[in-house]
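Chains as they are written, first to last, in this note's numbering: chain A, 2 to 232; chain B, 2 to 232; chain C, 2 to 232; chain D, 2 to 232.
Think of the hints as simulated: they come from the structure by calculation, not from any bench.
Among the hints, a few may not be true.
To be verified - Chain B regions said to be covered by chain A (calculated; three or more residues, Cβ under 8 Å):
(1) 69-76
(2) 106-112
(3) 115-128
Unchecked claim - Derived contacts from chain D toward chain B, CB cut-off under 10 Å, selection only:
(4) Ser51
(5) Gly53
(6) Arg80
(7) Val168
(8) Leu172
(9) Glu180
(10) Lys203
(11) Asp211
(12) Tyr219
(13) Arg222
(14) Glu223
(15) Gln227
(16) Ala229
(17) Arg232
Cβ coordinates follow ideal geometry from the N, Cα and C atoms, glycine included.
Listed here are the chains, written in short residue letters.
4 protein chains.
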Amino acid sequence: MQVALIRYTPQPEETVAAAARLCYSKVGAMEILEKMDPGQADRLLSQLLSSGHLSPFEHVSFTFAIEGLSRAASHQLVRHRMASYSQQSQRYVSMKKLEWVTPSTIQRKPETAATFQALVEEVHRFYCRMLELGVPAEDARYILPNAACTNLVMTMNARELIHVCSVRLCLHAQWEIRELFTRVKSEVEVVAPRIGAELLIKCDRLGYCDEKESCGLYPTRESTPQPAAAR
Amino acid sequence: MQVALIRYTPQPEETVAAAARLCYSKVGAMEILEKMDPGQADRLLSQLLSSGHLSPFEHVSFTFAIEGLSRAASHQLVRHRMASYSQQSQRYVSMKKLEWVTPSTIQRKPETAATFQALVEEVHRFYCRMLELGVPAEDARYILPNAACTNLVMTMNARELIHVCSVRLCLHAQWEIRELFTRVKSEVEVVAPRIGAELLIKCDRLGYCDEKESCGLYPTRESTPQPAAAR
Amino acid sequence: MQVALIRYTPQPEETVAAAARLCYSKVGAMEILEKMDPGQADRLLSQLLSSGHLSPFEHVSFTFAIEGLSRAASHQLVRHRMASYSQQSQRYVSMKKLEWVTPSTIQRKPETAATFQALVEEVHRFYCRMLELGVPAEDARYILPNAACTNLVMTMNARELIHVCSVRLCLHAQWEIRELFTRVKSEVEVVAPRIGAELLIKCDRLGYCDEKESCGLYPTRESTPQPAAAR
Amino acid sequence: MQVALIRYTPQPEETVAAAARLCYSKVGAMEILEKMDPGQADRLLSQLLSSGHLSPFEHVSFTFAIEGLSRAASHQLVRHRMASYSQQSQRYVSMKKLEWVTPSTIQRKPETAATFQALVEEVHRFYCRMLELGVPAEDARYILPNAACTNLVMTMNARELIHVCSVRLCLHAQWEIRELFTRVKSEVEVVAPRIGAELLIKCDRLGYCDEKESCGLYPTRESTPQPAAAR
Chain A
2 MQVALIRYTP QPEETVAAAA RLCYSKVGAM EILEKMDPGQ ADRLLSQLLS SGHLSPFEHV
62 SFTFAIEGLS RAASHQLVRH RMASYSQQSQ RYVSMKKLEW VTPSTIQRKP ETAATFQALV
122 EEVHRFYCRM LELGVPAEDA RYILPNAACT NLVMTMNARE LIHVCSVRLC LHAQWEIREL
182 FTRVKSEVEV VAPRIGAELL IKCDRLGYCD EKESCGLYPT RESTPQPAAA R
Chain B
2 MQVALIRYTP QPEETVAAAA RLCYSKVGAM EILEKMDPGQ ADRLLSQLLS SGHLSPFEHV
62 SFTFAIEGLS RAASHQLVRH RMASYSQQSQ RYVSMKKLEW VTPSTIQRKP ETAATFQALV
122 EEVHRFYCRM LELGVPAEDA RYILPNAACT NLVMTMNARE LIHVCSVRLC LHAQWEIREL
182 FTRVKSEVEV VAPRIGAELL IKCDRLGYCD EKESCGLYPT RESTPQPAAA R
Chain C
2 MQVALIRYTP QPEETVAAAA RLCYSKVGAM EILEKMDPGQ ADRLLSQLLS SGHLSPFEHV
62 SFTFAIEGLS RAASHQLVRH RMASYSQQSQ RYVSMKKLEW VTPSTIQRKP ETAATFQALV
122 EEVHRFYCRM LELGVPAEDA RYILPNAACT NLVMTMNARE LIHVCSVRLC LHAQWEIREL
182 FTRVKSEVEV VAPRIGAELL IKCDRLGYCD EKESCGLYPT RESTPQPAAA R
Chain D
2 MQVALIRYTP QPEETVAAAA RLCYSKVGAM EILEKMDPGQ ADRLLSQLLS SGHLSPFEHV
62 SFTFAIEGLS RAASHQLVRH RMASYSQQSQ RYVSMKKLEW VTPSTIQRKP ETAATFQALV
122 EEVHRFYCRM LELGVPAEDA RYILPNAACT NLVMTMNARE LIHVCSVRLC LHAQWEIREL
182 FTRVKSEVEV VAPRIGAELL IKCDRLGYCD EKESCGLYPT RESTPQPAAA R
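Whenever a hint applies, use it, and build me the whole structure from the sequences.
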């Protein structure tokens, strides 16, 4: 899998901070931006995050080139609807050369891994034969496995990145999509370290695990004392 | 493939008409609904559609049970983001019994169809063997084909149904998703005939084909005379 | 202000539960719905809510007729984007009879309240005079106050209702929009008591107050001990 | 009104073109971007637009600082939900200095304009008096007129800009929001001329007027011959 940040809104952290400040300011965004210094931006971002006031994070977007992701993972990925995707089409692109992903639980068993590879190759040979026989690529691909690789361009704003990472960096997420967002986080950290640092697992924000069973990082909510409302 | 309309907003056409009328009315929606008769609703819907004023159609939603759709088609389906999906998980459900879709271009070639079936069955046997060997279902499924069936619950509002049908009923759409929305349209027609009748291919609304090549239903735009602006 | 639930997805709680179950089931939604009993639905909803698995709540929508809301409040309301609105137009509807909202902090000061009323009436007389002088309604309305009433039809799915109520039922929300969602909650409770009970202030779910200052219901997060990650 | 483009996705047109090409390419977005030249980008954008394949335009966003817009117009603006807004709050910002918008139909009548101004000033004095008397700003503002100015930061992607301009540049749109998007278009044209050129009124794309009455630029659809389907 390859993940590269190819475009992003310039000066993302100042942009978020200026948009947030505008809501409480007598002056407009131009003047706020001129006077903004990095220290201020940093403090504002912290306040926004601790109070859950996340809408200003929508003003900055990040666009990634993703290559070598399995279609098992891409089918999960595109379920996140607050984002934009352009994906390599298996209808229009003939997969004469097939790349695929082998999960590590299979790789670790040499015999199983060998059968996996042989079977994927047999499937691919049959795919190519169907193309030769005049079956359209959009139909021949029905035989291709979930393991087949795909390429995407994905754009998400910072608010959605915070949300998606909160669920997809969790150890309960599927390993390939967790790897994808681990790389997404690394890419964001390079150009927007303050935003990158906020791409956190949900438990790091909640202070407890809301899954049925904890991975051990935090106890589940049931096992931690709950405050009562002063009603 | 099975498609059943399992829930929908009651009296959908009166609801759309009342919401539209509210925008231009001195009185509120309760009073408008009381006085609305079907003839009025019908005329209002026609006006909304011819003027492209589609937001009132968002107030009514349709929920479908979809069974036996291939994951090739479901991956396309969930790219429509103005909708809600719950989909059978290949991570959590072990596919010990596999159902799959065979495209008609393959079915029509007996020898190819036989190989297709034999290969899917071999893939499925290997999937089951991997489960026995302790490979998690979420990893074993990497070998499963795009042809494997999935079940979904899908909810779309009428505005989005109008949009999605406009592109997915087109002969250029992939055959399985076209079949899906042909059935969706049939289901809607039973309970909301006026809305169902508006689930049209885009060319029926545009008056021309905007694809590169026409299927013959309408000429492409290039081959039809274009009016000029009176500037 | 008047708030009436005019439409909703029938059997909303069974619908959410069936969609959730589908994700983990070998069978489709039709069969699940047939076998669902209210006790099961109830348990499933509790599990979804405690684990933050909220997407199945999107399959059920609620449509409200809202009357007599100020445009100060409606401007805030329509900032919630995961919803559908049809709103009375001040461009097309002449406000020859003006209704308006007087905040209780003004009503409590008799002299101020009297001036408020006299001034709104003067503004309205000038609005009517402008209409007589041929000023279009869409321009005459520039003089109308934020207090002027508006009517809307609003549709939200249950997931968004859970989110919006979490922020708008908070004592820090503006009083008129808090009143609106208090009524929305009451309406939902009548037809979907389990969902209605989940329309909670955010602090009731978090166990702490994430605002700068607490209203007293829960302490702020800073004043409560935070668990550390077991890293 | 002041509208300034303060941020945008760098090299927007190449980005759209690369994302579009990826869908039909064996290689990933990195390689496509390296080889893309402006002429290719231009041709690809034309093909996307003529075929209505608009999703690649979502990958580029434009962020505007908007100042001096009336709240009459901002209430309309924020109804466009595929966008992000940060708006100056009348709850938290005391409007001790009020700026407002006077429609030209009022400005053109000197006597009416004078009364308009005097009345807004009287309203503002009463607003300030209420603040002194301890009425919270969030309640005192109920007296403020629709004409009162507001500041916003708005982010829209290019697909949504194409859509919003198609309806808001129309002569039937309200004059102030039409002026806003005329300026938005001008700003985009400077940095992305090809995208800016596509920010067109809907009739320029349809070839007819879909409003009840035409402004004269194009005839209505009813008055133009309609092609029939070859069914």
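Right, here's what the structure says about each hint:
Counting residues of the region 69-76 of chain B whose beta carbon lies closer than 8 Å to any beta carbon of chain A gives 5, which meets the minimum of three for the stated coverage. Only residues whose C-beta sits within less than 8 Å of a C-beta in chain A count toward coverage, and the region 106-112 of chain B has 3 of them, enough to reach three; the restraint holds. Using a Cβ-Cβ cut-off of 8 Å, 7 residues of the region 115-128 of chain B lie near chain A, which meets the minimum of three, so the contact claim holds. About 7 Å separates the beta-carbon of Ser51(D) from the nearest beta-carbon of chain B, less than 10 Å, and the hint is met.
The beta carbon of Gly53(D) is positioned within 10 Å of a beta carbon in chain B (closest approach about 5 Å), and the interface hint is therefore held. About 9 Å separates the beta-carbon of Arg80(D) from the nearest beta-carbon of chain B, less than 10 Å, and the hint is met. Hint on Val168(D) holds. Least Cβ distance to chain B is approximately 8 Å, under the 10 Å limit. Annotation: interface hint on Leu172(D) violated; nearest CB of chain B at approximately 12 Å, more than 10 Å.
The interface hint given for Glu180(D) is broken, as the beta carbon of that residue sits about 19 Å from the closest beta carbon of chain B, more than 10 Å. For Lys203(D), the shortest C-beta to C-beta distance to chain B is roughly 7 Å, which falls under 10 Å, so the interface hint holds. Taking 10 Å as the C-beta cut-off, the interface hint given for Asp211(D) holds, the closest approach to chain B being about 5 Å. Because the smallest distance between the Cβ of Tyr219(D) and any Cβ of chain B comes to about 6 Å, under 10 Å, the interface hint for this residue holds.
Taking 10 Å as the C-beta cut-off, the interface hint given for Arg222(D) holds, the closest approach to chain B being about 7 Å. Look at Glu223(D): its Cβ gets to within about 8 Å of chain B, closer than 10 Å, so that hint holds up. Taking 10 Å as the C-beta cut-off, the interface hint given for Gln227(D) holds, the closest approach to chain B being about 6 Å. At about 9 Å, the closest approach between the beta carbon of Ala229(D) and any beta carbon in chain B falls short of 10 Å, and the interface hint on this residue holds.
Interface hint status for Arg232(D): upheld, as the beta-carbon distance to the closest one in chain B is roughly 7 Å, under 10 Å.
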